[in-house]
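Asks: Produce the complete structure using the sequences and hints provided.
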Amino acid sequence: MNDFRVYLVETLRATELAYLVATAGFILALYWMNSPATARRGVLAGVLAMALGMVGAALDPHVTRWVWVLGAIGLGFFVGVPLSWVPLTAVPQRTALSHAFGGLAVGLLGTAKFYDWLFAPAHAKPLQMTAFVMGALVAEVLLGFLTFTGSLMAAGKLQEIKWIPQRPVTYPFQNFVNIGLLGVAVLCGLALVVWQDQVAYLFPVIVVLSLAFGVLLIIPIGGADMPTVISLLNSYAGLSAVALGFVLNNKLLITAGALDGSSGLILSIIMCRAMNRSFFNVLFGAFGQVQGKAAAGETKTVKSETAEGAAQIMEQASLVVIVPGYGMAVAQAQHRVKELYDLLTKRGVDVRFAIHPVAGRMPGHMNVLLAESEIPYDKLVEMDDINHDLPQADVCLVIGANDVVNPAARHERASPIFGMPIIDADKARTCFAIKRGMNPGFAGIENELYYGDRTYMLFGDAKAVVGEIVKSLSGGGSGH
Amino acid sequence: MNDFRVYLVETLRATELAYLVATAGFILALYWMNSPATARRGVLAGVLAMALGMVGAALDPHVTRWVWVLGAIGLGFFVGVPLSWVPLTAVPQRTALSHAFGGLAVGLLGTAKFYDWLFAPAHAKPLQMTAFVMGALVAEVLLGFLTFTGSLMAAGKLQEIKWIPQRPVTYPFQNFVNIGLLGVAVLCGLALVVWQDQVAYLFPVIVVLSLAFGVLLIIPIGGADMPTVISLLNSYAGLSAVALGFVLNNKLLITAGALDGSSGLILSIIMCRAMNRSFFNVLFGAFGQVQGKAAAGETKTVKSETAEGAAQIMEQASLVVIVPGYGMAVAQAQHRVKELYDLLTKRGVDVRFAIHPVAGRMPGHMNVLLAESEIPYDKLVEMDDINHDLPQADVCLVIGANDVVNPAARHERASPIFGMPIIDADKARTCFAIKRGMNPGFAGIENELYYGDRTYMLFGDAKAVVGEIVKSLSGGGSGH
Amino acid sequence: PPVAAAGTQTAAESASEARHTAPPVDYWSLLFVFVLSTFIGLGVIGRVSRLLHTPLMSLTNAISAISVVAAIAMTGADHSLPITILGAIALFASTTNIVSGFLITDRMLKMFRRQEPK
Amino acid sequence: PPVAAAGTQTAAESASEARHTAPPVDYWSLLFVFVLSTFIGLGVIGRVSRLLHTPLMSLTNAISAISVVAAIAMTGADHSLPITILGAIALFASTTNIVSGFLITDRMLKMFRRQEPK
Ligand SMILES: NC(=O)c1ccc[n+]([C@@H]2O[C@H](COP(=O)([O-])OP(=O)(O)OC[C@H]3O[C@@H](n4cnc5c(N)ncnc54)[C@H](OP(=O)(O)O)[C@@H]3O)[C@@H](O)[C@H]2O)c1
Ligand SMILES: NC(=O)c1ccc[n+]([C@@H]2O[C@H](COP(=O)([O-])OP(=O)(O)OC[C@H]3O[C@@H](n4cnc5c(N)ncnc54)[C@H](OP(=O)(O)O)[C@@H]3O)[C@@H](O)[C@H]2O)c1
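Protein sequences, first through last, are from chains Z, P, G and F. Just so you know, this note's numbering puts 151 at position 128 of the first sequence, and the rest follows in order with no gaps. Just so you know, this note's numbering puts 65 at position 42 of the second sequence, and the rest follows in order with no gaps. Just so you know, this note's numbering puts 300 at position 73 of the third sequence, and the rest follows in order with no gaps. Just so you know, this note's numbering puts 230 at position 3 of the fourth sequence, and the rest follows in order with no gaps.
Check the hints yourself; a few may be wrong.
Keeping only pairs whose Cα atoms sit at most 30 Å apart, straight-line, the calculated DSSO-like set for lysine-lysine is [what the hints assert, rightly or not]:
#, chain 1, residue 1, chain 2, residue 2
1, F, K337, P, K402
2, F, K337, P, K326
3, P, K494, P, K450
4, G, K337, Z, K369
5, Z, K326, G, K337
6, P, K450, P, K326
7, P, K450, P, K361
8, Z, K402, Z, K494
9, P, K494, P, K326
10, Z, K361, Z, K402
11, P, K402, P, K369
12, Z, K450, Z, K323
13, Z, K361, Z, K450
14, Z, K402, G, K337
15, P, K402, P, K361
16, P, K369, P, K450
17, P, K361, F, K337
18, Z, K369, Z, K494
Not everything, but these chain Z residues come out facing chain F in the computed CB check (under 7 Å) [as the list claims (entries may be wrong)]:
#, residue
19, E39
20, I50
21, K274
In short, the hints are calculated from the structure, not lab data. Quick caveat, the model's predicted, so the values are computed rather than measured. Glycine included, each C-beta is placed from N, C-alpha and C at the ideal position.
Replies: What follows is the structure in structure tokens.
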């Protein structure tokens with residue numbers, strides 16, 4: 024058995040081959056995500072690539088402690104399977120938690136590698152600790168542990184755990200403290216690169232500093248900015264895998280890590296752009312800290328409408344555009360929305376969904392929820408396309424969206440969302456807005472849409488209100 | 024000076040760095056070709072990358088014979104600059120000739136490397152000739168010399184050189200002979216891989232066989248299929264550079280060669296698809312061999328029209344679609360077409376150009392010609408888009424196009440072009456077709472479009488006929 | 228090119244030592260691999276459908292657990308107990324990510340369907 | 228991984244010899260580089276505007292003259308005359324391709340212009 028593995032690995036180079044094929048598999052996995060029609064094939068490619076990579080690693084003739092290996096893998100399955108059953112609203116938290124696990128794994132591997140090298144007798148070092156390798160090892164440990172605590176904090180903020188403050192926590196000279204901390208960690212790393220095992224005691228210092236830095240990096244960022252931060256942490260996780268690949272001379276780690284790193288980067292750029300904010304603003308802007316300045320002076324009045332009234336108007340419409348937002352996710356109203364969609368479609372009304380890139384709390388949030396309720400994905404229209412149609416829409420129904428339909432983004436220079444592209448709900452002939460009260464959304468500002476001439480509020484929980492509309496549609500129009 | 028180079032290369036790894044940056048440059052060069060607005064930036068990136076690569080190579084401290092190096096480079100400039108002045112109609116030939124040069128260079132380098140290794144004393148071999156390296160070397164030489172003679176043949180056919188037959192040359196068992204020849208070359212290669220310098224005499228055999236194979240591969244292919252073949256040869260040239268990279272452990276050769284190889288492959292696939300033919304059919308189909316079967320039975324009649332008549336009708340049109348083809352290229356009519364475009368546009372007529380992917384004799388042929396005459400490129404519409412507009416077009420003016428507007432592709436199962444997507448010239452209200460006589464186009468078949476109810480022929484050379492239309496437009500309508 | 232200058236050792240020492248332990252590494256190749264993969268990542272991710280950004284996040288999350296291959300080697304080879312334990316924790320954590328990441332991605336993707344033809 | 232089994236030599240021989248001549252090569256890294264570049268090529272070329280397929284052909288033609296880097300080493304280093312001559316011919320041929328390829332591509336691209344705003 025072991026001879027056979029030696030033959031496979033040393034003569035046939037089976038590991039290298041497996042890694043090469045696995046790389047191609049990961050690339051295809053991401054490539055196939057370009058359309059929902061091929062996306063599941065992409066997952067399959069990813070699973071096969073990962074399995075191939077694991078088999079390739081297990082072929083290594085040095086791997087003999089099967090009890091440990093299989094035990095850890097089994098335990099991983101045991102925990103991983105239930106973790107995949109979380110409700111869809113908890114997907115951001117799960118992703119963050121998962122990044123924390125990933126960061127921990129990479130950090131521990133780096134630590135293990137370091138001490139393995141340190142304690143090995145001089146004539147049989149397990150790896151040649153050149154400056155390059157030591158540098159990569161330090162970068163890997165730093166990124167890994169930083170991702171670990173940072174992601175834990177992010178997960179906590181998203182889950183709204185009590186003892187983790189949701190609002191940004193700021194204190195004087197915060198950025199100086201953070202940068203100083205990072206600077207010390209980097210200096211320790213440089214010292215290790217130069218003096219190697221003579222300053223081995225600096226290694227635990229780096230570990231502690233990165234753990235602390237992860238926490239400090241996240242606390243000044245508001246809970247609602249967490250999706251962007253998670254994406255960025257994903258990028259860090261990828262980069263730490265790359266660094267591990269440099270340490271171990273493992274090309275699969277490098278390719279998969281780089282794919283990951285670029286993915287996280289691009290997603291956070293997309294989010295920042297859709298919010299018209301910069302990276303810098305997200306990371307250091309303490310967004311969502313100032314609050315309540317919205318409730319200024321003059322009292323404006325809103326008109327409200329009943330669910331029955333709204334149902335009647337929608338029934339007569341020829342084009343209804345529905346704008347879902349974070350409120351729909353909170354209320355879990357997507358299945359009711361599907362019933363509404365079915366009823367209106369049956370009556371010959373053309374119903375389309377306007378999807379803003381940052382509606383909800385993670386990129387693509389609305390798409391997943393609406394897909395869950397089995398609304399066909401060709402009815403989900405991107406912002407730029409639907410804005411062409413909105414002036415012709417008879418009704419625009421806003422379900423728990425706020426910032427993404429706030430016209431202040433178009434003209435109010437002082438507004439924190441100024442310049443963010445929005446869905447032109449105010450251009451439809453009639454606009455109905457479902458929300459529980461007059462609370463602001465994520466950006467913490469008032470929305471003049473609600474005070475518009477053609478806007479009518481439908482106050483209440485999104486699930487309840489849509490349910491009422493559905494009831495009056497199916498009751499009143501059953502003989503239709 | 025030399026010490027400095029040693030320091031740069033061995034300590035700073037300047038060559039590797041230059042190659043890495045050059046690789047990124049080549050990728051960006053191709054990436055920027057995605058739009059005419061950025062394409063020239065792409066050329067700049069390519070030039071800089073190439074220069075960086077050359078500098079990187081010249082940093083090698085072993086490079087000392089500057090007279091030879093600079094002499095050869097100078098001579099290359101001396102010949103290369105005039106070669107870039109060829110008229111645009113000769114671009115396919117120039118490209119083919121250039122591939123021949125490239126193939127020759129790679130082939131010679133492989134040969135030089137082989138004999139350099141063979142004649143070196145056993146204790147100072149310039150490279151470690153593992154099975155892998157020998158295999159790569161053989162592949163490189165094979166592909167290089169095959170590309171050399173194959174491209175020369177292709178250039179000859181395109182230039183219509185007298186002693187190179189235009190029509191496919193076939194003989195019995197042709198494919199067997201070709202495959203046999205290739206088989207022998209591959210066997211010789213395998214022998215070299217196994218027995219190395221003991222069978223060194225097989226190396227010249229491989230060289231001769233690949234030179235012969237290049238010729239034999241091309242002669243059964245018709246002159247008009249040359250563009251596809253050139254693209255494929257481009258792909259081979261790229262692969263041979265990759266093989267050279269494996270021999271020399273040079274990553275820049277591998278990356279640039281692979282970019283090239285995939286580019287050639289994709290372009291030939293695009294061409295094949297647009298002609299609805301398979302690779303196999305192009306390479307072994309002897310297309311264009313059978314001729315004249317078109318002139319069958321019944322005599323149909325065509326209507327012809329004068330240039331003045333056509334001018335009158337176009338003047339009154341609101342949408343004119345112009346379909347250029349190979350005949351426009353032959354007649355060099357593009358500047359007259361631009362005058363026609365200007366006159367009609369000035370009169371408020373909407374003029375658009377319908378560009379078929381394989382109109383002319385190379386991909387993008389029509390675009391380049393029309394761009395040369397300064398027609399704005401946003402007026403050049405791709406086939407699928409223009410086919411939507413054609414039923415609304417008042418006039419469709421076909422200038423020297425034939426196969427790409429042949430309705431037989433839609434319904435005549437027996438036709439060699441059956442299934443090829445075409446431009447729906449027959450759906451316009453009126454169709455004018457400019458050509459010199461009733462000769463068939465590249466595919467050698469009759470075109471029922473010319474016999475249609477709404478089609479009128481404008482017989483004559485494309486340049487002359489368009490010139491007459493322009494004259495009568497500017498004469499008759501000058502007071503407009 | 229492989230043997231890079233080691234800190235306190237002479238080149239000859241480190242080279243001969245390398246034969247006993249691990250072969251010298253061609254870092255420039257690794258850098259090439261990194262740069263090329265980054266290009267691929269940027270190209271491929273830019274083309275992912277906006278509909279699928281949430282599943283994309285969980286898919287890349289699963290892929291980032293690729294450190295599992297290093298964890299297997301660390302856990303399975305003959306190391307001292309503390310190192311084996313660190314390796315096993317890493318292996319457990321990565322496997323969890325792989326399993327839950329792929330499963331939840333697939334669960335989400337299953338929900339996307341086209342309008343049924345009527 | 229680098230030292231692959233050489234035909235007639237023992238591994239030790241070839242390794243010691245390698246130190247004198249050229250360092251051992253990590254072929255698997257090179258294969259990775261090849262596969263990754265091919266992926267990039269397929270992705271990038273598929274996105275090239277159809278308008279520009281002719282200039283693309285001459286641009287890739289220029290890029291395929293990358294063998295120039297090998298030709299420089301072959302011509303410039305201390306080799307026997309026949310080999311230097313072969314190298315010089317290759318260097319001449321590649322330079323020709325580079326120069327004419329880039330120049331003609333640029334000449335074609337210069338011709339593409341947008342509708343001037345009126
Ligand atoms: N998607 C992303 O990737 C992402 C990432 C980071 C940040 N963001 C930010 O998140 C925001 C998303 O905008 P959005 O318009 O979707 O949401 P929003 O602006 O946060 O507004 C949500 C609205 O829903 C209402 N609501 C909450 N629970 C409800 C329930 N159960 N029933 C009915 N209504 C309910 C709330 O008003 P009441 O309390 O009055 O009901 C609130 O005004 C943007 O500012 C975006 O920049 C998004
Ligand atoms: N573009 C590519 O990449 C590519 C590659 C390989 C093959 N092809 C093939 O090439 C063909 C291209 O189609 P096409 O419609 O452009 O051309 P075509 O079918 O070859 O027809 C060209 C027509 O132009 C006429 N013509 C020639 N010289 C002329 C002149 N001086 N003035 C006026 N008319 C003249 C000819 O008729 P008269 O002799 O009667 O005047 C001929 O019928 C397709 O079959 C395609 O598959 C293209």
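Asks: Hint by hint, which ones does this structure get wrong, listed from lowest number up?
Replies: Numbers 2 and 5, in rising order.
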